[in-house]
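Participant: For chain R, the structure is supplied; the task is to place chain X on it using the hints.
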Amino acid sequence: MKEQALRSMERRAKILSTLIILIFLVLLSRLWYLQIIRGEESYALSRQNQTRQIRISAPRGNFYDRSGRTIVTSRMSHVVSVMPEDIKKDPQAMALLGRLLDLSVEEIEKKLEEKSGSVKDQYIPIKYDVDPSTVGKILEANLDLPGVVVEKYPVRNYPLGEWASHLIGYIGEINEKELEELRHLGYRLGDQVGKMGLEKTYETYLRGTDGIRIVEVNRVSEPLKVLEESRYLPGNNLYLTIDYQLQNEAERILREQMLWLQKNTDYKNARSGAVIAINPQNGEILAMVSYPEFDPNLFVGSISGQEMQKLLTNPLHPFTNRVTRGGFMPASTFKPVTVIAALEEEAVDLNQEFYCSGITKIGNATFRCDKREGHGRQTLVEGLQNSCNLVMAELGRKIGPEKLAKYARMFGIGSTTGLNLNPEEITGLIGDPNWKRKTRNQIWFPMETLHLSVGQGYILATPIQLAQIYSAIANGGKFYRPRLVTQIRSVTGKKIKEFPPEVIKTVDLKPSTLGLVREGLQRVVTQGSARYAFAGFPLNKIPVAGKTGTAQNQGKDNFAFFASYAPADHPELVIVVVMEEGGYGSVASAPIARKLFEAYFNLQSSSGTKGQQDKAGAAEAGSELPPVASLPASTQEIKELMKMQEILREEARAPEKESTTHFHKQDLT
Amino acid sequence: MERRLVKNLDFLLLGVVLVLVVIGLLTIFSATRANTAINNGNPYLFVEKQFISVLIGLVGMALLIGVDYRLSDLAYRLIYGVNILLLVAVIFFGTEVNGAKSWLNLGFYSLQPSEFAKLAVILTLAKHLSEKEKLSSLWDLWSPFLHIFPPLILILLQPDFGTALVFVFIFFVMLYMAGTNGRLLFSIILTGILLITLIFVSHHFFDTPLPLKDYQIKRLTSFINPDADPRGAGWNVNQAKIAVGSGRFFGKGLFQNTQGRLGFLPENHTDFIFAVFCEEWGFIGGFILLSLFLILIWRSLRIAVQAKERCGSLIAIGIMAMFTFHVLENVGMNMSIMPITGIPLPFISSGGSSMMANLFAVGYLENIWARRQKILF
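Going line by line, the protein sequences match chains R and X.
So the first sequence is numbered by the numbering used here: it starts at 427 and just counts up by one.
So the second sequence is numbered by the numbering used here: it starts at 127 and just counts up by one.
Errors might be hidden in some of the hints.
In silico SDA-like cross-links for lysine to any residue, where the CA-CA straight-line distance does not exceed 20 Å [stated by the list, open to error]:
| no. | chain 1 | residue 1 | chain 2 | residue 2 |
| --- | --- | --- | --- | --- |
| 1 | X | K378 | R | T477 |
| 2 | R | K578 | R | I550 |
| 3 | R | K440 | X | I421 |
| 4 | R | K440 | X | R159 |
| 5 | X | K258 | R | E436 |
| 6 | X | K378 | R | E654 |
| 7 | R | K651 | X | R159 |
| 8 | R | K440 | X | L420 |
| 9 | X | K258 | R | A431 |
| 10 | R | K515 | X | A359 |
| 11 | X | K378 | R | R437 |
| 12 | X | K260 | R | Q430 |
| 13 | R | K536 | R | A521 |
| 14 | X | K260 | R | E654 |
| 15 | X | K339 | X | L283 |
| 16 | X | K260 | X | K339 |
| 17 | R | K440 | X | L454 |
| 18 | R | K515 | X | I149 |
| 19 | R | K440 | X | G308 |
| 20 | R | K651 | X | T162 |
| 21 | X | K434 | R | R437 |
| 22 | X | K378 | X | I149 |
| 23 | X | K378 | R | V652 |
Think of the hints as simulated: they come from the structure by calculation, not from any bench.
Just chain X, with the same shape it has in the complex:
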């Protein structure tokens, strides 16, 4: 059976992921090798760390392929519970970086629970939605909302606005694919947008308090007019745009990025790694990278559509939504068409938790794909 399982894997998906991982390692090396301020004089520091996460992620992925994704109810409750626990823990014991308590320092490893939370929420929400008979009225949606709110609130408490947005995106895509009444969903989204608009309008005219801090708003809106504060909030936006643009058609070549290496572009191995990649590889590289992501998303969707049953299908949809939003948001903010939220580019950005969670997600996709045919069971 193991052999048949292997034979049934989506090798294109696997290949694309591995290529992305290699591109990621190379770009991380290029972005960090000369930055002695953060690499402690070891040019390989970040690559080594990332590589270990890749190894763990690949092992986890292999294990996840082996175990049938259709877990017991108890397992799902356990996943949900552990997830909430970690998100609570990070609020109390988390290390604050860049104003957000997102990291749990385990001594040997810094864990970012919100990265795993995405996968956990996808899995449990898929299970929950797959058991729902009806999703046609507002009343039918109370339980999915109840399902998503605790982790969402906890993430917002960190506060990690970017990840929260990912949650919202995943949630609605999954609701949509689960068959929720289209009009209903559209009205909810519209109401949400109106509500947010109302909050801002009210703040503008009546000075009512905002749920976000000032600097967060600045960061979020800086992409619209980066020159309003070119040395502050607009700096990253401008420098990323310069980095991407300066790659021109063919790029400056491997290790030839100047924007990142010389410190003009901060966070160049995490949030703004796409800019570094584009600086070195130009439009050709950017085109190839985006194509790889498109294949990844296409294959995810294909798996969702061809999954044997509803739960697997929804899991795949959730994962696809996660990848899509990450790519859209990260690449978008690197090119200043999306607000700056610190969410990583899957398989490329430096960050162990994200890498592992993404590889685990691919494990799930392969799992679902490999088991799509009834004959197997």
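Extracted from the complex, chain R is given alone in its bound form:
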């Protein structure tokens, strides 16, 4: 019995030990599975548990003007970020944070919702650019605010406010579309990116490399120590072609001129315009103003919906860069091209004479000169000097619309100038019979040739295109790529990219042609429509050449143009001024160019005072009326023109997709 019991026990002990070994095999294989097969994964998870990554935002690159003056920079501010998991557990902390930051709990939760999807265990910025006193309060209450951190970060700073805002642009939080495009470059939700202007054009250069600090945290996300840190690298700096002084003057003078017009003339709606100053010898843009402007600082931090709405619904479209995206009928400023076309095509002689009776007819339609009684006998130079419509009409008739359009295109109308600036410039428009047949299946009316020859009809040009035309006239036919940036340099001064002068194309012009046109343009200033604006200007020292233009506008006041360059004998600067609803080019726009030339050439301003300007204005009003522009004669003509406007408006919109496109309804001069 005992023996049997002992045997039974040994047997059972064997079974038991088998079981035990099985248990240990199970435990060991589980250990193997967890540590070897799933080991790397778990290691990553433990690492994720243990560490928090804090991005240290790198400041964007600065902008400097051509003399090295700081235009755009960054200042250090504070951002409040939270670890969503920590704050969500603690409604009291959430409420306290909301109170301190002046945000509702719902707003905070919304921000967390929006951004927590993509990344785990990352602090999510709740409020940018928090003022120092709030920062102090948050730091004091940090025991009651688990998972809330205050970090220093660089804020984009535009110390000059609205100054040159269209070319500088602004930055804002990246949106989904931009993120998709830029993700491969390491962009992430919450990043600030350039949204417009140079900020957007050179985004990838301006953006620095963020630093990363990896901190060890405990379960309640309290940072314990820094495990790793990589320093940030600031973005590259832009060296602009812009001349701070000249840009300053351009903005001030344009503004003052508009105020002066509003106060002293019937042109109460002179509230918007554009100025561009460009060096015709290399394409450097020294000043570029589009008015009204906006303050890019508004977009730093977060712009309030109300302010944004106000900017967006402003009928003057402050976000539109009129220099590159305003399509205008160039009116009389186009006339030099007509003259060049006729001379180059050898349709006329240099000394050919014309006769202006003040009116001409094609069938029943009439075409008038600005001067009702006519200019009488006119040479080509005189035609240009006096802006005689009939001379131009005759030239147009002689060469035909195809050739006219060909020269307009040759001079850049209908294509972009090559300026590298966001948003992209519009191409403008130039039509000819072929184009009209193709696009709208209509025949070309002979009258339309006359319109085209005086810069009206199927023609739209941007101020920068006009500046390119006048640069080419000034420099002998060369089209330089207009530039806003000469260099991009790293913080250490290393040259990253250089933008040397670049001739995009050259138009071969006979010296005689150039000579005649230049002579004509110079005479505009000395004896023609711009002579009052330049009264007292030392033209003997700095000869100026230019052309006024006045475009009548259905339901609006006239648009005033002036395109010019100086010194006429060896041009250094081209200035184009456009003032919407400013009235006459000679009154509204030419004085602006004059003052800018004075500023540029450091001349003592002799007509800067109000009195003189008044006098100039009065003189113009007295002697130059009837106006530079003529009214269409018949109601038939007006109807036709209105229809044409509709067509043109659509045409101008077509190449641009964005709704911000600015288009100017214009009639013919």
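Facilitator: Then chain X, alone, in the frame of chain R:
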């Protein structure tokens, strides 16, 4: 005779236990040294406490080796009585920690009677079973069941579900090794499982009350799907799994655990100390630790088989069953293949009562081993 006794000790067993104790102290230090919330700024606090328990345990062990394990009937009754008394006392005067009244605060020391209860039940049950002539019918088993029920019920009243499970495991292993009819035992276990299943099924379909509280069930079942409640019941399971896994093959190195030190893994010096150990020592360490436990269990079984008489044999079996279940359950729950029940890893987990009771148990094993040869007496 003393010298012969010493000569007859199982030194491998003793050595393994001492190595385990040292590993335990080191791991406790690593897990608690940086946790100022519980160590009051003294990184050595838990190690010191544990070390004192080790010393007491070793002295007790030595004493237990010296005294013949074959005690009088009176002594057995006394052990049983004192055990019940302590378990009753803990229900009335116990301190509640984590929802269970398991601790008796003696002012200078917090005693966990259920840890000693295991040993007490093993000793008295072994004595009882060794006196049983027959264990072949259900009727024969009424007295062992009656023997185990009072302490088991008292433990469940705390409630300490984990320890109760240990009791059940020990009970059946001892019954089995005592020679209970295999089929009978199997039917009982099967009936038990069916019964428990029935209770849950009935709860599920007819909403009948369960003997467990909701949170206990959650804790028990969280290992099956920890992601159902990753921040609550599933947290420990996931974090322990991460800790073990992140050790990979070679481990992060001594004192390099992050899961425990930074507070992601709670109870890292008690229930989840295995995870901390595996995080620092990797698969190599885990393999060695499990091997040490296997040796411990193997030696216990060997002692049981070679014991001079039935009672000693059953005591050794009970102790072996206790170690086995503790290791299986604790290591298993650290790797989320067993439900979370707060039972410690022998010789490793921080906890004085457990350490002492386990060292006393080893004392008994050595006692039984040293006296296996008739010649001695």
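Participant: For every hint, state whether the structure bears it out.
Facilitator: Okay, the hints, checked on the actual structure:
For a cut-off of 20 Å, the pair hint linking K378 of chain X to T477 of chain R stands: about 16 Å separates their Cα positions. Using a Cα cut-off of 20 Å, the hinted pair K578 of chain R and I550 of chain R holds, with the two alpha carbons roughly 14 Å apart. Between K440 of chain R and I421 of chain X, the direct Cα distance comes to roughly 15 Å. Compliance with the 20 Å bound is thereby established for this hinted pair. This hinted pair does not check out: K440 of chain R and R159 of chain X have alpha carbons roughly 43 Å apart, beyond 20 Å.
Between K258 of chain X and E436 of chain R the alpha-carbon distance is near 19 Å, which keeps this suggested pair within the 20 Å criterion. Annotation: proposed proximity of K378 of chain X to E654 of chain R holds, straight-line Cα distance about 18 Å (limit 20 Å). For a cut-off of 20 Å, the pair hint linking K651 of chain R to R159 of chain X stands: about 17 Å separates their Cα positions. Between the alpha carbons of K440 of chain R and L420 of chain X the distance comes to roughly 15 Å, so the proposed pair stays at or under 20 Å and holds.
A threshold of 20 Å between alpha carbons decides the hint, and for K258 of chain X with A431 of chain R the separation of about 13 Å falls inside it, so the pair holds. As the CA atoms of K515 of chain R and A359 of chain X are separated by approximately 16 Å, the hinted pair is consistent with the 20 Å bound. Note on K378 of chain X and R437 of chain R: the hinted pairing is violated, with a Cα-Cα distance of about 43 Å set against a maximum of 20 Å. For the suggested pair K260 of chain X and Q430 of chain R, the alpha carbons sit about 13 Å apart, so the restraint of at most 20 Å is met.
Taking the CA atoms of K536 of chain R and A521 of chain R, the gap is near 14 Å; set against the 20 Å cutoff, the hint holds. Proximity of K260 of chain X to E654 of chain R is assessed by CA-CA distance (about 71 Å); at most 20 Å being required, the pair is judged violated. For the suggested pair K339 of chain X and L283 of chain X, the alpha carbons sit about 12 Å apart, so the restraint of at most 20 Å is met. Note on K260 of chain X and K339 of chain X: the hinted pairing is violated, with a Cα-Cα distance of about 39 Å set against a maximum of 20 Å.
Of the supplied pair hints, the one linking K440 of chain R and L454 of chain X holds, its CA atoms being roughly 19 Å apart against a limit of 20 Å. Taken as a hint, the K515 of chain R and I149 of chain X pair is broken in the structure, with Cα atoms around 38 Å apart against an allowance of 20 Å. Taking the CA atoms of K440 of chain R and G308 of chain X, the gap is about 14 Å. The hint holds against a cut of 20 Å. With a C-alpha separation of about 16 Å, the suggested pair K651 of chain R and T162 of chain X falls inside the 20 Å cut-off, and the hint holds.
Taking the CA atoms of K434 of chain X and R437 of chain R, the gap is about 17 Å. The hint holds against a cut of 20 Å. For the given pair, K378 of chain X sits about 16 Å from I149 of chain X by alpha-carbon distance, which is consistent with the 20 Å threshold. At roughly 19 Å between alpha-carbon atoms, K378 of chain X and V652 of chain R fall within 20 Å of each other, so this suggested pair holds.
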